[in-house]
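Asks: Spelled out, the chains give:
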Amino acid sequence: MKVVASYNVKGGVGKTTAAVNLAYLAAARGHRTVLWDLDPQGAATFLFRVKPRVKGGSTKLVGGARPVEAALKGTDFEGLDLLPADFTYRNMDLDLARSHSSGKRAGRALSGLLDELAGDYDLAFLDTPPSLSLVSENVLHAADLVLVPIIPTVLAARTFDQLADFVGTFEGDRPDVHGFFSMTDRRKALHRELIATLPGEREGVSSTSIPALAVIEQMAVRRAPLPAYAPSGPATRAYEQLWTDVEQILDL
Amino acid sequence: MLAALAPAKADRYELAVGPRRTRTVTYLDTVDWRLHAKGIVLSHERASGPGTLTVDGRGEENSTRLTESPQWPARVEQLPEGEVRDGVAAAMWVRAVAPVVRARVVSREVAVLDDERKTVVRLDWVELTGTEPSATRPLVRVTLRPVLGYGGAAKRVRKALEACGDFAEIEDGGAYATLLEAEGIAPEESAPPAISADMPADVAVATALHGFAGVIAVNVDGVLDDIDTEFLHDLRVAVRRTRSLLKLAGDVLPPELVRRYGSGFKWLGDATTPTRDLDVYLLEFDTLAAGLVAGEPGDLAPFGELLASEREKARRALARTLRSQRFTRLIEGWQAGLADVLERDWSEQDGRLTAEALAAERVRGMVAKVIKRAKAITPDSPAEDVHRLRKRCKELRYLLEVVKPVCDATAHRAVIKDLKKVQDVLGAFQDGEVQSHSLRDYAERLQSSGRPPAATLLAMGELSASFVTMQRQARHDLTGALRKFLGPATHERIEDLLP
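So the sequence lines, in the order shown, correspond to chains U and L. For reference, each letter of the first sequence is one residue, going 1 to 252 in our numbering. For reference, each letter of the second sequence is one residue, going 253 to 751 in our numbering.
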């Protein structure tokens, strides 16, 4: 099972929409897919119309008292299941730290939980909360690929560099870090300039660009992945390009 | 439909009905229900285009999209290569599959939604209407598909649907079984009527013969249409059984009936021999070719072509026989004559020989003949003597099969098992003998029809040698098998068997 994390330390940059739409496209192409909504705000869970509730909460899940499978929910889409968010995930850092005291490595605990799902799925997408925390460290260690949405600004490019440097300090397996442009507006000169130059200057940044379009924002109104209700529009095509990047990087 | 499914709302859900899909589905099997016997369901489904062929073998399902419309009946080599064909090949054996039932299927998926309008249960509404062999009323089935993590909702909806009582079966189940039942088709071979111990002997013999005549008649169309080789085989076995029973117990029937029709079955049997011999050759051809040591399998190709063209000629001649007035008169007259015997009042037969007594008398007589011939066989006996013994063994076997209902079941099984072992060895001897002779004949015909490649003749020579080896091995095994068969155990078993 390959693990793909949608991660950025900043919020509101398109992590959840990327994770939801890519998970949908993966399943539609025949990959058995699970999406884990690790963000206690539960936006991905909301988009799939699932109640943000995990019996026993973060403590039992991370502590191993309840199996991960028991928390899974089938979505309305063939081949795509969801591990929903729960408000107790806000304390997941503490639960992960506790798992360290019980003999597990705190930074690797999520990997262990994902291993439980490895036989049932080909791909796991992780939608992460916007933070630098033990949860995000776990996510970066568990992932084979980290997708980083970049709003084309100078500061956002710096954040990408910091993340790439941090991953570079990992011993052993390191995930591929792949930046893509998010919420882009072609009318803005800076956006156009960064999209044209950054991929050539930074290793791991592609020119794939998800435009800032109202049809993407409608996901929250329709409560469905974008390709499910707008299968042929430019926004869906942009996510399909991003999916092609993922396929190539993971050799799917 | 929504009204019918309304109970599924269980007072808390909403229903969302998906689009209507219409397709036709054809379920296929061999005439002797080989797929059904192995728990395999083969179906052809089409909405538009050539459609999809699906095999479901005890839960494991494989499908293949067809590139051209299939023709039925079809033998295994006529099905598209792939997992579907692999899934039915062993069960089909050499038999062809043909449509059993055909139906129009209208289906809709219904989503049961919770208060977030999330699908928590799926219901598959399927309306099946049999169209062939006859039109049935629409049969509605609802299958409940739980969604992962919503087990509670599935339980609630199932309970609500069961409580309303409108759906007798909402569990997973075979649409095929439902259709068969609606069409009144029992998926099993129809057994001929059996004789009983107290039946008058002539009624018992006529009953068995009437059954064989039915088998002959029912296989004629399959032979004429050349659906598969087993139609001819079954027809031929029924002819042989008829001839054996006439020979061994025909004297209890009205002499005029036997005199008038008896010889017709020899004529019919002889007419089937050339095609069947060539069928056997062709069925074994690939195995024979693969067994070549010095030659290559491809070396035999011209020989294979000769066999195929000879077989086609033989089949055309057989078809003429089966379409002839002589054949029609033989079967119809014979069946009518036997029906007269069967319709006679049993009370008229009071004091006459019963089936039980006839069985005991004729089996003992036949066993004595077989034993006498078997005792005379030595390792040096001429092939004709072995051949005659084989024929007598076959006759005994057919007789035992007819009288089975009046015999002790355990002893009958044991005797048939002993006899089968002897017959296998005799069969191997006979095949080696016949095939090595016929190969010589075919080689000469190939030679006279043109200039066959030297490799072909060499490969045929190698085959001939292997047949001779087979015959020698069978001759070696024969005396041992016969000695065992002639021992006291068999005699004891035959006495146990008889009333």
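In case anyone wonders, no lab produced these hints; they're calculated from the structure. From a predicted model like this one, the values you see are computed outputs, not experimental measurements. Cβ atoms here follow ideal geometry from the backbone N, Cα and C, with glycine treated the same way. A couple of the hints might just be wrong.
Claimed, not checked - Restricting the straight-line Cα-Cα distance to at most 20 Å, the calculated cross-link-like pairs of lysine to aspartate or glutamate (EDC-like) are:
#	chain 1	residue 1	chain 2	residue 2
1	L	K672	L	E562
2	U	K51	L	D366
3	U	K51	U	E69
4	L	K646	L	E636
5	U	K55	L	E368
6	L	K646	L	D729
7	U	K51	L	E266
8	U	K188	U	D144
9	U	K55	L	D366
10	L	K518	L	E647
11	U	K51	L	E368
12	U	K51	L	D367
13	L	K290	L	E433
14	L	K290	L	E313
15	L	K621	L	D637
16	L	K673	L	D729
17	U	K2	U	D122
18	L	K673	L	D693
Said to hold, decoys possible - Listed next, with one range per pair, are the computed distances between beta-carbon atoms:
#	chain 1	residue 1	chain 2	residue 2	range
19	U	S207	L	R275	27 to 33 Å
20	U	R29	L	E368	25 to 31 Å
21	U	G172	L	S321	56 to 62 Å
22	L	E361	U	R90	35 to 41 Å
23	L	R275	U	G172	49 to 55 Å
24	U	G112	L	R275	55 to 61 Å
25	U	G112	L	E361	53 to 59 Å
Asks: Decide, hint by hint, whether the structure agrees.
Replies: How the hints compare with the structure:
Between the alpha carbons of K672/L and E562/L the distance comes to roughly 32 Å, so the proposed pair goes past 20 Å and is violated. A distance of roughly 10 Å separates the Cα atoms of K51/U and D366/L; the hinted pair therefore holds under the 20 Å criterion. In summary, the hint linking K51/U to E69/U is supported, as the alpha carbons are separated by about 16 Å, within the 20 Å threshold. At most 20 Å may separate the alpha-carbon atoms for a hinted pair to count; K646/L and E636/L meet this at roughly 15 Å.
Among the hinted pairs, K55/U with E368/L is consistent with the structure: their alpha-carbon atoms are about 19 Å apart, no more than 20 Å. The straight-line distance between the Cα atoms of K646/L and D729/L is roughly 19 Å, inside the 20 Å bound, and the hint therefore holds. Under the criterion of a C-alpha separation no larger than 20 Å, the hint pairing K51/U with E266/L is consistent with the structure, at around 17 Å. For the proposed pair K188/U and D144/U, the alpha carbon gap of about 33 Å is over 20 Å, so the pair is violated.
Taking the CA atoms of K55/U and D366/L, the gap is near 19 Å; set against the 20 Å cutoff, the hint holds. Annotation: proposed proximity of K518/L to E647/L holds, straight-line Cα distance about 15 Å (limit 20 Å). Of the pairs offered as hints, the one joining K51/U and E368/L holds, with about 8 Å between alpha carbons and a cut-off of 20 Å not exceeded. The suggested pairing of K51/U with D367/L holds, with an alpha-carbon distance near 10 Å, which does not exceed 20 Å.
Straight-line distance between C-alpha atoms of K290/L and E433/L comes to about 19 Å, which keeps the hinted pair within the 20 Å bound. This hinted pair checks out: K290/L and E313/L have alpha carbons roughly 14 Å apart, not beyond 20 Å. With a CA separation close to 13 Å, the supplied pair K621/L and D637/L stays within the 20 Å bound. Proximity of K673/L to D729/L is assessed by CA-CA distance (about 11 Å); at most 20 Å being required, the pair is judged to hold.
A hinted pair counts as satisfied when its Cα atoms are at most 20 Å apart, and K2/U with D122/U qualifies at roughly 6 Å. Using a Cα cut-off of 20 Å, the hinted pair K673/L and D693/L is violated, with the two alpha carbons roughly 31 Å apart. Evaluation of the 27 to 33 Å hint for S207/U and R275/L yields a failure: the beta carbon distance comes to about 45 Å. The hint said 25 to 31 Å for the Cβ distance between R29/U and E368/L, and at roughly 27 Å that hint holds.
Judged by the Cβ atoms, the range 56 to 62 Å given for G172/U and S321/L holds: they are separated by roughly 58 Å. At about 38 Å, the beta-carbon gap between E361/L and R90/U stays in the expected band of 35 to 41 Å. Between R275/L and G172/U the beta carbons are some 54 Å apart, a value that agrees with the proposed interval 49 to 55 Å. Between G112/U and R275/L the beta carbon distance is about 47 Å. The supplied range of 55 to 61 Å is therefore violated.
The hinted range of 53 to 59 Å is not satisfied by G112/U and E361/L, whose Cβ atoms lie roughly 38 Å apart.
The structure shown violates the earlier hints numbered 1, 8, 18, 19, 24 and 25.
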